[in-house]
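Fit chain B to the supplied structure of chain A, relying on the hints for placement.
Spelled out, the chains give:
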Amino acid sequence: MLKIEDLHAETAGKAILKGLSLEIRSGEVHAIMGPNGAGKSTLANVLGGKPGYEVTGGSVEFLGEDLLELDPHERAAAGLFLGFQYPVEVPGVSNVQFLREALNAQRKVRDEEPLSGGEFLKLAKEKAGLLGMDMDMLKRHVNVGFSGGEKKRAEMVQMGILAPSLAVLDETDSGLDIDALRVVGEGINAIMRPQGGAADKGVLLITHYQRLLDVVKPDLVSVLADGRIIETGGPELALRLENEGYDAVMAENLGAAA
Amino acid sequence: MSELATLPTRHDEAWRYADIAAAEAIGAEALNTWREVSVAAGETHRETFVLDGDAPVVTRLRVALGEGARAEFFAVNAASGSARLEIEVTLARAAHFEFGGVTIGGGDASREFVTKTIHAEPDGTSNQTVRSVHWGTASGNFLGEINVARHAQKTDAAQDFKALLLEKGASANTVPQLEIFADDVKCAHGATMGQLDENARYYMAARGIAPDVAQRLLVQAFIGDALVAMGDINAQAQLLDVALAALERSAL
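Same order as they appear, the protein sequences are chains A and B. FYI, the numbering for the first sequence is 1 to 258, going by our numbering. FYI, the numbering for the second sequence is 1001 to 1252, going by our numbering.
Isolated chain B (complex conformation):
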């Protein structure tokens, strides 16, 4: 009943910045397919995602976290077609949800992360850190919804989005959406958008670093924030390589 096989429109808040044509190409049935993940009390689930295909893709994940369970997701969205990763997480008492995401790329694709964090019980913690780097007429979007139930006291939720636009014409959109019904909670969110720091580029040039290398170093530092919480250094390096490869290919 709740999931009619209908296509989304831009009137749906969560699809406001999405590539609707891509969604249509995927089709209603595929769109409405959710993968279910259940993490037992005290357990930890870790997963990384690399979106780097040409075809439009929407991946949806519904996660249930038991008491004291953790879910840690890290994703690089460097697809050349429009790509969207959605994660909906319901947290039991003292559970933790961590998401680190990078959208990077040019062309005209729309690369998105959508998270819905439901703090259903007290003492839960959650954090989403998303970095977007775009050029051409591409867009990077992060829609992060946080729901805190009335009795989910001592919830500590945080969201941080930063975008770096390397060319005029690229864009980034973010919509923090907080629905808080408990009164003793912390919910922090921040968003900034900007261009590469010209002073840093000049400083690097003054030390002999060519403009393309300076750009790579600065982008690497910028997106590193989203992956810093990864425990596995090798997996982290792999994701970073995927992201930076997208930049190399651009020959900006």
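For reference, chain A alone in the conformation it holds in the complex:
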């Protein structure tokens, strides 16, 4: 569903992605790991279309469309969900209002009828319940006064309500304690890999740590270093990284490439 080919991108005049290629098929959870500064967040920002990031080469195809041609809000309507590493606070706008506007905007683009207030609240309550959030939290302003863990849980509630085809989750596990990590991980499973399978959904999971992957078991793991994918393997690759560190795996890989 997502095909990235030879992607080059820069921000503030500095090249960050240097020929990144990656494919995610329907039904796959693909984890991206890599050292700080490798370009993981830049990849998420470029896929989301964040202002300030310039694509200088390559292509990204999403569900048969040229993703890079779409504005950020059109990408969301096309089925892309971006989980933010640092979810933004929006004072004065309640979660309920924000998400109803968002969902109905997406439905409109897809020629679907907007949800009424009652229908929306029912859906919101159900999805919030999956993440152990109550309606009181949904009535609060978007991310305002939320702890780090609450912000990440709120992101997953948003994902549940918006029901994307592809979720790009940028360090969704950062700032979470052990219990919150499990709740969020199980939330990802419930939403993006419901029982009985959801062959039409995919996840790109950007993370530093194995602990999230213990809950959300990836099908594939890739290592991103210096703006490129340098190795792709199964879940065992993440375990090796955890045990040996990036340096060892990268040295071996670069050695093999030389």
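It is worth saying that the hints were derived from the structure and are not from the lab. It should be emphasised that the depicted structure is a prediction, and the values quoted were computed from it without experimental measurement. Ideal Cβ placement from N, Cα and C applies to all residues, glycine included. Mixed in with the good hints, there may be bad ones.
Said to hold, decoys possible - Computed from the model, here is a short list of chain B residues facing chain A with C-beta under 8 Å:
id, residue
1, Arg1207
2, Ile1209
3, Asp1212
4, Ala1221
As the list claims (entries may be wrong) - Cut-off 20 Å, straight-line C-alpha distance, at most; resulting in silico cross-link-like pairs (SDA-like, lysine to any residue):
id, chain 1, residue 1, chain 2, residue 2
5, A, Lys139, B, Lys1116
6, B, Lys1116, B, Asp1197
7, A, Lys151, B, Asp1197
Using the frame of chain A, we list chain B on its own:
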């Protein structure tokens, strides 16, 4: 004697940012017309103002609050011509003056609120919250004067102004003017100016909200502060609609 039928100039502090040409068009006599409002002890006066005409307008109100009386004024200044609302309030003991105002619009108009709060007796409280949202070469101004008499102890006065400028060329001016002669009082004032939060806009886009809708939501949240103290939710929604209609018309 105190009100000569003369036209103001920019040398007058309270007219520093005003549209003087508009004031001239209104004429000295009309300019110097004040509506008097007197609120008896313990009573409450509530009034809302919508300024949304084309012709230049200056509305002046002089309010006397009796002991423990309240005056609550809320205003949206979305006029397409220059428009100015002035409210002068004298508070007796333990009276309260509340003002919430929104100036919003583009073009080249100057939209102003001017308040003069006179704490003449002890234990009075007052609050002014003004939000300005402008584009084009428009300006939004808030001049808030607070006088606290020597024996008006335990006065608690607050003023808060924030401006959101949606385009280069728009401006906002505020002059807090505090004259405090009592020594046991609280007078708080704050002012900020800025642009729409780019991160919030991107965050909203990432959830599928189109740029114009994101802008409306953010502006609505921003000006909501000025109207939040309104008890009447329907009246509040009406004022909010007037303000947001100005934004819709702009097609920014």
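Hints, one by one, checked against the model:
For Arg1207 of chain B, the interface hint holds, since its Cβ comes within 8 Å of a Cβ in chain A; the closest pair sits about 4 Å apart. Contact between Ile1209 of chain B and chain A, as hinted, is supported at the beta carbon level, the nearest pair being about 5 Å apart and thus within 8 Å. With its C-beta approaching chain A no nearer than about 10 Å, Asp1212 of chain B sits outside the 8 Å limit, and its interface hint is violated. Hint status for Ala1221 of chain B: holds, given a least beta-carbon distance of 2 Å to chain A, under 8 Å.
With a CA separation close to 37 Å, the supplied pair Lys139 of chain A and Lys1116 of chain B exceeds the 20 Å bound. As the CA atoms of Lys1116 of chain B and Asp1197 of chain B are separated by approximately 32 Å, the hinted pair breaks the 20 Å bound. Pair hint Lys151 of chain A plus Asp1197 of chain B holds up; C-alpha atoms about 19 Å apart against a cutoff of 20 Å.
When each numbered hint is compared with the structure, violations occur for hints 3, 5, 6.
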